[in-house]
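Participant: The listed protein sequences correspond, in order, to chains G and R.
The first sequence: position 68 = 68 (our numbering), numbered continuously.
The second sequence: position 255 = 255 (our numbering), numbered continuously.
Please note that the accuracy of each hint is not assured.
Here are some, though not all, of the chain G residues that point toward chain R, as calculated from beta-carbon distances under 7 Å [as the list claims (entries may be wrong)]:
1. L24
2. E26
3. I34
4. L47
5. E58
6. N76
7. W77
8. L87
9. A89
10. A121
11. L124
12. A129
So, partial list: chain G residues that the calculated Cβ filter (under 10 Å) puts toward chain R [what the hints assert, rightly or not]:
13. G14
14. L17
15. V75
16. R78
17. S84
18. A86
19. L92
20. G108
21. R120
22. K146
Keep in mind that the hints were calculated from the coordinates and are not lab data.
Where is the CB? At the ideal position from N, CA and C, for every residue including glycine.
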Amino acid sequence: MKRHNYVEWLIVLGIGLGLSLLSLQEGIGTLRRIGPGTFPLILGLALTLIALVKLGAEVVAKEPSRRPSAGTQPVNWRATLFISLALLAWALLLTKFGWLISAMAMIGLASMAEKKPDFRAALLSYGIAVVLGYLVFVQLLAMPIKMI
Amino acid sequence: MTVFDNMILGFSGLMQVQTLLLCLAGVTFGTLVGALPGVGAVAAVSMLLPFTYRLEILDALVALAGIFYGSQYGSAISSILLNIPGSSSSAVICLDGHPLAKQKKAGLALFISAFSSFIGGTIGIVLIMGFSPLIADMAVSLRAPDYLAMMIFALIASSAMSQGSASRGFVSLVLGVAVSFVGVHSGTGQMRFTFGSFELASGISFIAVAMGLFGMAEIMSSIGRVNGVVSDGRNMSMRSMWPSREDWRRMWPAIGRGTLIGSVLGALPGTGPTIASFMSYGTERSMSKHPEEFGKGAVEGVAAPEASNNAAVQTAFIPTLTLGIPGDALMSLLLGAMLVAGVVPGPALLNNQPDLFWGLVASFWVGNLFLLLLNIPLIGIWVKLLSIPYAILYPTMLVLIGIGVYSVNASMTDVLTALVFGLLGMVLNRYGYSPALVLLGTVLGPLIEKYFERSLLISRGSYEIFFASPISVVFLVLSALMLCVPIVSYLRQKKV
């Protein structure tokens, strides 16, 4: 179904205006001595302009433009949640509890990303992670990672 | 001394058993680590860098250079097989390499990649040998506005390759450039967009952005969609990998153009393999009689960027070695390794330490040959990697992404950044924006800003400097023309 893309370009407009306003706070400087906000301001304004042009085009268009997401895969919310949690858990646990525990938490949570978790595959992945962690990262690459 | 004399000097330094073994080890490890999903060229070189500190400088450089171009090829493998580029320069290979893999032509895509890389790399080396003083002179004579104009052109040209609308491509680029603003402003030394966070003071890690946008987003979107085998590796034979006559006919001109673009852009400081691969892809698409095939498995879409990438990888050594200006993050790592070893890259290197310079160039020949000999017979093994069930592969990929991001700065902030960019990448993909352009913007943003500010500093605030040099004018006019293309096509569509 075709729809107008108002929301999409309003978001871009918001980003453009936000970037421009934040840039002004950073300081613009002068043409001879450019401040840290000048270049971001130019890009923020460019983004704002393009969003306004696209919004204007949507308003005057007789027919709505096609939805950009048409034909793309829907977001897999379950996978997104569990993969995010898996990486988060690993990041929080690695330095305190070591590679064995953090990798277990990561792979355990990651395996939940599938509707029907395959725990045998998860166990095998954990085995690979333990071997990789010890042989490659700790022994071969001498990375400062503790196993336990 | 003639080129021939220089190469004899180079090969005489290289023909030691230890040096040759280090070259072989470098390209092998580089390919292996680069092929691992989510662990790309930058991560590979940075992780293996400490091991070379105790070596003789030529041995260390030969090994690092081998890791460098080996991992570049390895990155293409993961781009093609898993849609996860290890480096920004191989991100563009995903666009047509991965669709080919999905069409059960992974072997063909990997063969094209290896072959194009070899041709591009070989011609790049010839150019280093024959033209290095000339190109170095040319690069020296360029000024900040010239670089700025060339980069603007590269960005606009690459936005033309984005699937869907040019406006979304432009927005993707700007978002990427905005990411690069976080941290210390090089011109004034002031912090900006850090929101008081100490962790953001050093900026947002490029590796974290790359692994998030590509690795994380790929895993999130593939679960439940990819079941086990993406490509059939069981029937992989040399015959199935070999391109058809039609493929060869389409490949050769693409390789030629890609090599040309890569050789020139690689030699310019601040450009390098990423812009080269993106620009050659854009060029192929705009010149093709079948632009609709791009993004769906066009052989030119693999051949041209791979030839370009590898030609640029070779010629990128010219500004790094002769001027001491690295073209990208990888060259910065190599530059750092040289400085640690007490070698100061610059114009004097070629005159004072010709054995080192030409020894390294000789190692490129040997390394590229090793790469070809290693990779063509091993294509079946790479493809068989995909027969691993995805339920085993994706948790392992996640582990590698986590450790790959963490290993660069030993920073958990980077890991969390990768997560944020993973979510962003998924949203971008869903709504027709280009994560590859976000990444390109992130890489080029600081350089464009630097040259913009430097130009105005030189001209004391006058914008006339941007139109003072013919090179700058040519690229600005080309940029303006490229900007007009989507407008003209929009108006034409309205007429129809």
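Participant: If a hint holds in the structure, say so; if it does not, say that too.
Facilitator: Evaluation of the provided hints:
Given hint, G/L24 at the interface with chain R, is violated; its Cβ is 12 Å from that chain's nearest Cβ, farther than 7 Å. Annotation: G/E26 was flagged as interfacial toward chain R, and the flag holds, the nearest CB pair being 5 Å apart, inside 7 Å. At a threshold of 7 Å, the smallest CB-CB gap from G/I34 to chain R is about 5 Å, leaving the interface hint in force. Because the beta carbon of G/L47 sits about 5 Å from the nearest beta carbon in chain R, less than 7 Å, this interface hint is met.
Among the interface hints, the one on G/E58 is violated; its C-beta lies about 12 Å from the nearest C-beta in chain R, farther than the 7 Å criterion. With its C-beta approaching chain R no nearer than about 6 Å, G/N76 sits inside the 7 Å limit, and its interface hint holds. Annotation: interface hint on G/W77 violated; nearest CB of chain R at approximately 10 Å, more than 7 Å. For G/L87, the interface hint holds, since its Cβ comes within 7 Å of a Cβ in chain R; the closest pair sits about 5 Å apart.
With a least beta-carbon distance of about 10 Å to chain R, the hint placing G/A89 at the interface is violated under the 7 Å criterion. Given the 7 Å rule on beta carbons, the hint for G/A121 holds: about 4 Å separates it from the nearest Cβ of chain R. The beta carbon of G/L124 comes within 5 Å of a beta carbon in chain R, closer than 7 Å, and the hint placing it at the interface holds. Checking G/A129 against chain R: minimum C-beta separation of about 5 Å stays under 7 Å; hint holds.
Interface hint status for G/G14: violated, as the beta-carbon distance to the closest one in chain R is roughly 12 Å, over 10 Å. Contact between G/L17 and chain R, as hinted, is not supported at the beta carbon level, the nearest pair being about 13 Å apart and thus beyond 10 Å. With 10 Å as the threshold, the beta carbon of G/V75 comes within range of chain R, its nearest partner Cβ sitting at about 6 Å, so the hint holds. A cut of 10 Å between beta carbons decides the hint on G/R78: the least distance to chain R is about 8 Å, and the hint holds.
Proximity of G/S84 to chain R holds as hinted, the smallest CB-CB distance being about 6 Å (cut-off 10 Å). Checking G/A86 against chain R: minimum C-beta separation of about 6 Å stays under 10 Å; hint holds. Against a cut-off of 10 Å between C-beta atoms, the interface hint on G/L92 holds, since the closest Cβ of chain R lies about 8 Å away. Given hint, G/G108 at the interface with chain R, holds; its Cβ is 9 Å from that chain's nearest Cβ, closer than 10 Å.
About 9 Å separates the beta-carbon of G/R120 from the nearest beta-carbon of chain R, less than 10 Å, and the hint is met. A hinted interface residue such as G/K146 counts as satisfied when its beta carbon comes closer than 10 Å to some beta carbon of chain R; here the least separation is about 13 Å, so the hint is violated.
The structure fails hints 1, 5, 7, 9, 13, 14 and 22 (numbered hints given earlier, in ascending order).
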